[in-house]
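K.L.:
Model the full assembly from the supplied sequences, consistent with the hints where possible.
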Amino acid sequence: MQTWRVWTAIYAAKITKRLLSLLGRKGTTLPGAVALRICPDLLNYYGKKLAGQVVLVTGTNGKTTTSNLLTNFLRKDGRNVVSNSLGANLIQGIAAALIEGVSGSGGKQSAVLEVDEATIAKVIQPLKPSAVIVTNFFRDQMDRYGEVDTVVNMVGDALQLSPAETTVILNADDPLVSSIAPDGKKVLYYGVQSSDIDMDEQGEVRDGKFCRKCGSTLHYSLYHYGQLGFFKCPVCDFQRRIPDQAAERVRLHEGGIRFDLDGSTGFLHSPAFYNVYNALAAITAAKVLGVKQQVVEREMQGLSTGLGRMERIVTNGNQDTMLALVKNPTGCNQVLRVVSQMEKPVDMVFILNDRYADGTDVSWIWDTHLERLREQKCLRRIVAAGTRAHDMAVRFKYAGLGDITTICEGDLEAVDRALGELPADHTLFILSTYTSLYAVRDHLLAKGRAAVEA
Amino acid sequence: MLQLKLKIGYLYSDLLEVYSDRGNVTVLQKRAEWRGIEVEVDRITIGDNADLTDYDLLFSGGGEDREQLLVAEDLLRKRESLFKAVESGTVILTICGSYQLLGHYFETIGGNRIEGVGLLDLYTIGGKKRLVGNAVGKLDFLGSDLTLVGYENHSGRTYLGPGVTPLAQVVAGFGNNGEDGQEGVAQGNVFGTYLHGPLLSKNPVFADHLLTMALARRTENPRLQPLDDSWELRAHDYVVKQFMQTGRR
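These protein sequences, in sequence, are chains A and B. Our numbering numbers the first residue of the first sequence as 1 and each following residue consecutively. Our numbering numbers the first residue of the second sequence as 1 and each following residue consecutively.
Under 10 Å between C-beta atoms, here's a sample of chain A residues computed to sit facing chain B:
hint	residue
1	D143
2	E147
3	V148
4	D207
5	K209
6	P329
7	T360
8	T387
9	H390
10	A399
The hints are simulated quantities; they were obtained by calculation from the structure and are not laboratory data. Glycine residues also receive a C-beta, built at the ideal position from the N, C-alpha and C atoms.
P.N.:
In structure tokens, the structure reads:
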């Protein structure tokens, strides 16, 4: 690594960033691409500079939420944290975030970076992370990698490359995640030990049905969602590991979720069960990084997932909206579960786009259990929106919801129309794929405020 | 008049289910029920000794390599029953992985050979690059200018022998192998395609064609009442418009 190359790369990236901002663009990846062109091993420089204060977060769902929760823990512990919080998680985005956030002059800094599953192998050695979190594996964006197995193997191979000082943090309840625990490395597990929330298996997609060691069908004694639960292979020794960080008595509470952990009680301002896993992952990593116990305990009592991850935003003074990213069957089924648990009546906007960042294949909506909503009397009307509004409307029709569905192709238009017709006591759920999520969020915030500051 | 009944056999629904292909069974079931036809859907999987001639329509989807291997072995055990069903007029729709298994064989990139049931004159070779994206084809067997739209995602390349005809001619996308401009197979009452997921939801005319053929086992001269397909057709036209121009062929 030549010093002059490093400095030229960083300088070029900063100029690129400034030019982009003059054009009114955010510049979350291009500066990184320019820098890596000049200095391909730039990440080695940051690995040394951050000296073991890097955490990488990968997996299918929950990367952004877990990273944001962890970043918050670290900041409340007084650390200076760099992150790619806008979700640019390919190597160029990671480089761009480091160039922008790491100060040249020194001072101790940490970095929390969400990393795409195919990118982790490229960054794990140069960045020498103190911890790597793997959240879960579900079928997602099959247009990119074809098979779930391919993605699991990519991350598994990357973990084998992790430096000796890295602690690997794995979801104990996901058999696909725990199957890639690397040999001879430090591994910590997190999981949900007990829950009061009803889980029905109807309509669930389960991606890790088979033991990845011997191929037998896994048995479950307790089942949370997707393929997550207490699994055991009936033939070989593969089974759920006892978690090092275990949430107990997960329960719904005042529009959010409560759970017990190590004698403390945690509270999430989000009713989505999957966010308990994101919180556990972040807490486990915070402990690995030596965040003070009292900071963890205090922050646990009010966790906000924010940023359109089942986020409550109050608009026009008193209209209750909930914004949720949906992009694959398992995550979407979890959001639908929250909708069907609502006691207040509900209206819904479902924005389905098929741009590259959304995944160009929209078939996944047929793997979601929308039929569940039919049994709920709380759902009054649905607006199907987005570039694939018609596909979405057809899906609702075949789920038996055609009579309450209308089509509106624009995304913000659909939101405005639904808000305009929202009865006073209703909650508007806005489910959106990635490319409309932030535009809708900004639009809602302009009309109101986030009920809990992210 | 006795109520019309339709029996659908959903083969390997627990194994070949990776690309949301199950949507097709929902579509067939609903479109029949909306016409007052009673529908029974049975799931048939490995080890079941189902008599396939019981069914008016058999459906099977695509899966990952591991699952496909298990299915291939089981399908050979069901071979006789499958051939008898086809002879009895049972309509068969297969997608991706199960489509490949209707042929003579599937040869993987590593040179391993998975035996198919040999029902249709076709074979498949594994390819390195996956063929992925929206696809549009011309469905010429229905005798009009109908298009078939869907999404494909496969690494196998399927080649049709002289004994069979393709389901569609590719207008945009790759089709069977990305070379000869053919997509899927249509041989009598047996169909195969690489267009995965809820293919039938966007192709209601094709869905009704399958239903009509399947009902022919139950009643002479089956007629389906028309449905309001305006949403389905708009979803169909969106794909045609978007991807005809950007097609790779």
